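The listed protein sequences correspond, in order, to chains A and R.
For the first sequence, our numbering begins at 1 and goes up steadily by one.
For the second sequence, our numbering begins at 1 and goes up steadily by one.
In case anyone wonders, no lab produced these hints; they're calculated from the structure.
Keep in mind it's a predicted model, so treat the numbers as computed, not measured.
Every residue gets a Cβ at the ideal spot worked out from N, C-alpha and C, and that includes glycine.
Hints are all accurate, no fakes.
Output of the computed footprint for chain R on chain A, the stretches with three or more beta carbons under 8 Å from beta carbons of chain R: (1) 32 to 45; (2) 63 to 76.
Which chain R residues stay away from chain A? Per the calculated CB distances, all over 12 Å, these: (3) 77; (4) 102; (5) 167; (6) 189.
Protein chains: 2
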Amino acid sequence: MQQVDFIQGRTRMFGIIGDPIAQVRSPEMITWEFQRRGVDAVLVPLHVPAADFDGVMPALMRLANFGGFVLTIPFKARALVFADRLGLQAQVLGGINLLVRRSDGAWSGDMLDGMGCVAAFEERQIAIEGQSLMMLGLGGAGGAIACAMAARSPGRMRLHDLSAQRCAFIKSCIERISPATVVDIGPPTVDGIDILINATPVGMLSDARLPLDVQFLPQALVVFDAVVMPEQTPLLALAERSGCAVVRGREMMLGQIPRLVDGFLDPDSVGGELGQLGRQSVV
Amino acid sequence: MQQVDFIQGRTRMFGIIGDPIAQVRSPEMITWEFQRRGVDAVLVPLHVPAADFDGVMPALMRLANFGGFVLTIPFKARALVFADRLGLQAQVLGGINLLVRRSDGAWSGDMLDGMGCVAAFEERQIAIEGQSLMMLGLGGAGGAIACAMAARSPGRMRLHDLSAQRCAFIKSCIERISPATVVDIGPPTVDGIDILINATPVGMLSDARLPLDVQFLPQALVVFDAVVMPEQTPLLALAERSGCAVVRGREMMLGQIPRLVDGFLDPDSVGGELGQLGRQSVV
Numbered sequence: 001m002q003q004v005d006f007i008q009g010r011t012r013m014f015g016i017i018g019d020p021i022a023q024v025r026s027p028e029m030i031t032w033e034f035q036r037r038g039v040d041a042v043l044v045p046l047h048v049p050a051a052d053f054d055g056v057m058p059a060l061m062r063l064a065n066f067g068g069f070v071l072t073i074p075f076k077a078r079a080l081v082f083a084d085r086l087g088l089q090a091q092v093l094g095g096i097n098l099l100v101r102r103s104d105g106a107w108s109g110d111m112l113d114g115m116g117c118v119a120a121f122e123e124r125q126i127a128i129e130g131q132s133l134m135m136l137g138l139g140g141a142g143g144a145i146a147c148a149m150a151a152r153s154p155g156r157m158r159l160h161d162l163s164a165q166r167c168a169f170i171k172s173c174i175e176r177i178s179p180a181t182v183v184d185i186g187p188p189t190v191d192g193i194d195i196l197i198n199a200t201p202v203g204m205l206s207d208a209r210l211p212l213d214v215q216f217l218p219q220a221l222v223v224f225d226a227v228v229m230p231e232q233t234p235l236l237a238l239a240e241r242s243g244c245a246v247v248r249g250r251e252m253m254l255g256q257i258p259r260l261v262d263g264f265l266d267p268d269s270v271g272g273e274l275g276q277l278g279r280q281s282v283v
Numbered sequence: 001m002q003q004v005d006f007i008q009g010r011t012r013m014f015g016i017i018g019d020p021i022a023q024v025r026s027p028e029m030i031t032w033e034f035q036r037r038g039v040d041a042v043l044v045p046l047h048v049p050a051a052d053f054d055g056v057m058p059a060l061m062r063l064a065n066f067g068g069f070v071l072t073i074p075f076k077a078r079a080l081v082f083a084d085r086l087g088l089q090a091q092v093l094g095g096i097n098l099l100v101r102r103s104d105g106a107w108s109g110d111m112l113d114g115m116g117c118v119a120a121f122e123e124r125q126i127a128i129e130g131q132s133l134m135m136l137g138l139g140g141a142g143g144a145i146a147c148a149m150a151a152r153s154p155g156r157m158r159l160h161d162l163s164a165q166r167c168a169f170i171k172s173c174i175e176r177i178s179p180a181t182v183v184d185i186g187p188p189t190v191d192g193i194d195i196l197i198n199a200t201p202v203g204m205l206s207d208a209r210l211p212l213d214v215q216f217l218p219q220a221l222v223v224f225d226a227v228v229m230p231e232q233t234p235l236l237a238l239a240e241r242s243g244c245a246v247v248r249g250r251e252m253m254l255g256q257i258p259r260l261v262d263g264f265l266d267p268d269s270v271g272g273e274l275g276q277l278g279r280q281s282v283v
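My request is simple: use the sequences and hints to build the entire structure.
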């Protein structure tokens, strides 16, 4: 059974922390990236019930053979307080999806979610510059995507989130990152939109809903869904029926994997003075 | 990379908790047994620093995708308080090496260490009945081995441990389990001994010491060492140079693996009224 030999007592451990956890893809994808690099390390799912997070997190950080964690729904914002140092994206967005133990024993956090989405679009050679974007959901992932997208100078961004305060905050972040981008806050729409981005949890697992109230989508629209389980969300199914190009949550995760593994293997590089977008983007 | 596909978000998780952790073999061996049975589950190493154990343990028990834990050095005794129910061996010995979440959410513990040692001897067809045993070390593992061996009716057992209280306690356990066995407490010896059992940590990792002060061993002696890393301990190296038959800690672990996995997959069978030796042995 060659395929289990690599989990040994000395194997370096990393975890992904979420609630629920069954839908996460990081255990395969990040472990595969460790293996590809020849590193004896695995990433395992850690299902922390939301009500227990604040009590369990410090204990997980005491595990001496764990070098760091990926944080996913619903913990990206709540995890912020456990980082001694924060990258600039984490500071701007108020959330982290990566927490690593530095060589001095302190913990650094950063938010890499948005970088994966931009990488997925670049991989597909789908332009962002000058385009008109509709952002659905501005939580940990959505805010990160909005800021990373903003750094690619879209022409216009329409923002929607259940929290008006969150909309206003992300609008201010985008305006700092890309002053030339026209930002407005309003209900979901596809009118005049080039790229539709769902970063809400609507459509996850057995949720059959769409994140916006439409019967069809314009064929020229590019549709991205951050949900990774199922791969084919109701929104992406509708988009394909409408003839749209789709970009999947899995592609965003794939785009982010090398950055997360870089952080795990070189933790002192995380949470420095400059964030992932670089100083010029957000100062 | 087929060999990492089986660690997924939905994979059932189990852990081995110890300090240190690099030497443990359970991650490969128990994961392999899960795979052999077609169960999507893995066991991973969890290095809990000894000073943090009491605080970290309750948090690990909150992880909703972890169904149970193997406890190893130095936690077998300290883990006892985290079990709501205890098997009879655990009650007698005051320690557990298995802790599982029952279907009602309560936790059951039991001590299976000794069963693995007996299984290893039986696998080798080495008789225990009527033989004269020297027991070195009567901690969690040593006490369990002594009680499990006693249930196979050896003729004589000589006990040695740094704690006189522990010696007296295990002597009383053995006398309940096997009244016909002559039990005495005294310094390590191989005079008149058929089977030498090391259950002390002496010889672990880079420890070059022997657990008793000898230059050679009688060729007829059978030598067992509970230490699993390295496989070839100084004691076993001396035994092989002396022409003795040796039984390795790995063989004890192998003998115990199916019982541990039985407990993980059928947690309600653990910690019942009857212990692993059966009521007739210890009541």
